[in-house]
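Protein chains: 2
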Amino acid sequence: MKPKELTDLSQLCIHTITLKPWSIEEAAKKFSASGVKGITVWRDTLEGRNIKQTGKMLREHGLTIVSLCRGGFFPNKDAGKRQVAIDDNRRAIDEAAELETSILVLVCGADPSQPLEDSRKQIQDAIEALLPDAESAGVRLAIEPLHPMYADSRSAINTLSQANDMAEAVHSPWVGLAVDVYHLWWDPCLEKEIKRCGENGNLLAFHVCDWKVPTTDLLLDRGLMGEGCIPLKQIRGWVEETGFNGFIEVEIFSNAWWQKDQSEFLNKIISAYREYV
Amino acid sequence: MKPKELTDLSQLCIHTITLKPWSIEEAAKKFSASGVKGITVWRDTLEGRNIKQTGKMLREHGLTIVSLCRGGFFPNKDAGKRQVAIDDNRRAIDEAAELETSILVLVCGADPSQPLEDSRKQIQDAIEALLPDAESAGVRLAIEPLHPMYADSRSAINTLSQANDMAEAVHSPWVGLAVDVYHLWWDPCLEKEIKRCGENGNLLAFHVCDWKVPTTDLLLDRGLMGEGCIPLKQIRGWVEETGFNGFIEVEIFSNAWWQKDQSEFLNKIISAYREYV
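Line by line, the protein sequences give chains A and B. The opening residue of the first sequence carries number 463 in my numbering; numbering runs sequentially from there. The opening residue of the second sequence carries number 463 in my numbering; numbering runs sequentially from there.
If you are wondering where the hints come from, they were derived from the structure by calculation, not from laboratory data. It is possible that part of the hints are untrue.
[To be verified] Computed Cβ-Cβ distance ranges for the label pairs, DEER-style:
hint	chain 1	residue 1	chain 2	residue 2	range
1	A	Asp506	B	Thr469	49 to 55 Å
2	B	Ala718	A	Asp540	26 to 32 Å
3	A	Lys654	B	Ala718	37 to 43 Å
4	B	Ser733	A	Asn729	52 to 58 Å
5	A	Glu467	B	Asn707	56 to 62 Å
6	B	Lys654	A	Glu522	52 to 58 Å
7	B	Lys695	A	Gly542	26 to 32 Å
8	B	Gly705	A	Lys466	49 to 55 Å
9	A	Asp550	B	Glu590	51 to 57 Å
10	A	Ala631	B	Pro577	30 to 36 Å
[Said to hold, decoys possible] Some residues of chain B that are not near chain A, with every Cβ distance over 12 Å (derived):
hint	residue
11	Lys482
12	Glu509
13	Ile513
14	Arg521
15	Gly600
16	Asp614
17	Ile619
18	Asp627
19	Lys674
20	Asp679
21	Glu703
[Said to hold, decoys possible] Here are the computed lysine to aspartate or glutamate pairs in the DMTMM-like style, where the Cα-Cα straight-line distance is at most 20 Å:
hint	chain 1	residue 1	chain 2	residue 2
22	B	Lys695	B	Glu653
23	B	Lys492	B	Asp470
24	A	Lys695	B	Asp679
25	B	Lys657	A	Glu579
Glycine included, every Cβ here is placed at the ideal spot set by N, Cα and C.
Construct all of the structure, not just a fragment, from the sequences and the given hints.
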């Protein structure tokens with residue numbers, strides 16, 4: 463079943479990293495002028511800013527701050543470095559609270575010098591250690607399963623099934639999941655696992671972009687929606703069948719797009735959102 | 463449980479593509495002189511050769527021809543092109559028979575212009591269409607699940623679980639699976655699925671290399687065993703626990719290694735096989 467057309471921009475959120483050449487102030491102005499309603503803030507854009515004032519500035523532009531990206535990178539063979547990561551995640555939770563956003567997205571990390579099982583256990587341990595902080599700040603932690611091509615050093619959580627297992631094991635209202643089509647589109651279990659995620663109340667965020675054919679870089683060659691082969695409408699349909707009606711977040715890392723005029727790119731994102739998502 | 467050390471080269475097979483700059487004649491000489499006992503032949507190396515005589519030449523060098531690489535690339539939106547692929551696979555089966563190898567490895571293919579489910583169905587249909595040819599030639603078809611980063615255009619079969627499902631659905635002594643660590647190492651279900659594959663008599667081939675950190679190219683940056691983060695001994699242990707005692711096949715596509723002296727590379731493969739596999 464195809465989902466309803468996206469006739470307005472009320473659910474459109476864009477990640478600051480998608481238009482990386484812009485400062486957060488410029489992004490806020492341009493998003494607002496184009497009718498974009500949501501923004502997900504990457505931490506690097508907050509550098510040197512007063513975070514509370516930045517949050518206020520974004521809201522004054524009519525933007526909902528959908529989430530803060532990103533915490534995570536928990537696993538490390540060295541216990542001291544794991545503690546450093548947990549401390550940094552506490553700061554990220556504080557930053558999310560100062561921004562008044564209710565979600566911190568976790569790119570969970572992996573340490574290639576140790577077995578994946580160890581990295582996976584350290585991720586769960588770290589998330590459990592952060593629960594009191596998340597609760598007291600009112601910030602939910604969204605585990606984002608990453609594509610298996612990132613299992614070496616970016617995330618040991620590589621399928622939605624695994625992420626569902628972990629969220630269910632942690633079993634806290636402060637932990638849920640972020641579903642990103644780029645990481646998960648290939649998975650034959652995707653429909654089933656999205657349903658499971660929704661039924662357990664764990665579906666916190668939905669990220670879109672496209673998988674280019676061919677893809678020329680493992681990290682920085684994501685496609686604009688419609689440029690690739692991901693069945694975006696089908697996956698959105700599965701997400702919405704769970705009752706999810708939150709923001710649809712455009713998260714694109716692309717050297718090719720970052721080299722172009724960003725205002726034009728923003729216009730293309732908006733057209734692609736209407737046509738292909 | 464760690465598997466036994468590989469103290470001799472009796473199970474070492476190398477794919478011709480691993481030492482791509484060499485002709486098959488040169489590879490045969492060098493493998494033989496180095497004590498390598500098995501060779502997997504890529505079809506491109508047979509171009510312009512009499513295949514039966516090439517098979518004889520390889521055996522005269524003391525080499526077992528472990529398999530022919532590769533058939534597959536079945537899915538296509540266009541039925542005529544699917545037929546072309548089936549015809550080409552019939553030729554590949556004939557070539558395998560002429561070489562007197564009993565396995566044809568299938569890189570199953572995917573057509574990014576159609577849904578993955580369609581590609582998956584077309585793969586199974588094609589394999590079923592080839593069963594009489596496989597049987598009459600005495601050649602088993604080994605479905606090789608490929609890493610999810612190849613789901614766009616190289617294979618719609620992306621986990622061992624899926625490949626097991628398909629082999630069990632086809633349910634023929636002429637169809638089994640090739641387990642390649644590069645494609646599967648990240649999968650949290652790998653141990654279970656290798657066991658399942660073995661129990662069903664479907665484990666036909668075992669391919670090794672390594673996953674480099676970082677990997678700089680989606681296709682041609684595979685690592686020599688020991689250069690990356692794949693737990694090779696652990697996975698070999700799982701494979702051998704099923705009773706598998708066939709060849710261990712070194713399959714590396716690497717622009718970096720192909721630019722080096724190939725005799726030196728062969729020596730490094732042999733050391734890495736003893737030390738890291």
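Hint-by-hint comparison with the structure:
no. : hint                            : result
1   : A/Asp506 - B/Thr469: 49 to 55 Å : holds, 52 Å
2   : B/Ala718 - A/Asp540: 26 to 32 Å : holds, 30 Å
3   : A/Lys654 - B/Ala718: 37 to 43 Å : holds, 40 Å
4   : B/Ser733 - A/Asn729: 52 to 58 Å : holds, 56 Å
5   : A/Glu467 - B/Asn707: 56 to 62 Å : holds, 58 Å
6   : B/Lys654 - A/Glu522: 52 to 58 Å : holds, 53 Å
7   : B/Lys695 - A/Gly542: 26 to 32 Å : holds, 28 Å
8   : B/Gly705 - A/Lys466: 49 to 55 Å : holds, 54 Å
9   : A/Asp550 - B/Glu590: 51 to 57 Å : holds, 53 Å
10  : A/Ala631 - B/Pro577: 30 to 36 Å : holds, 32 Å
11  : Lys482                          : holds, 20 Å
12  : Glu509                          : holds, 25 Å
13  : Ile513                          : holds, 32 Å
14  : Arg521                          : holds, 39 Å
15  : Gly600                          : holds, 32 Å
16  : Asp614                          : violated, 5 Å
17  : Ile619                          : violated, 9 Å
18  : Asp627                          : violated, 9 Å
19  : Lys674                          : violated, 8 Å
20  : Asp679                          : violated, 8 Å
21  : Glu703                          : holds, 17 Å
22  : B/Lys695 - B/Glu653             : holds, 13 Å
23  : B/Lys492 - B/Asp470             : holds, 17 Å
24  : A/Lys695 - B/Asp679             : violated, 30 Å
25  : B/Lys657 - A/Glu579             : holds, 18 Å
When the structure is compared with the earlier hints, violations turn up for hints 16, 17, 18, 19, 20, 24 and for no others.
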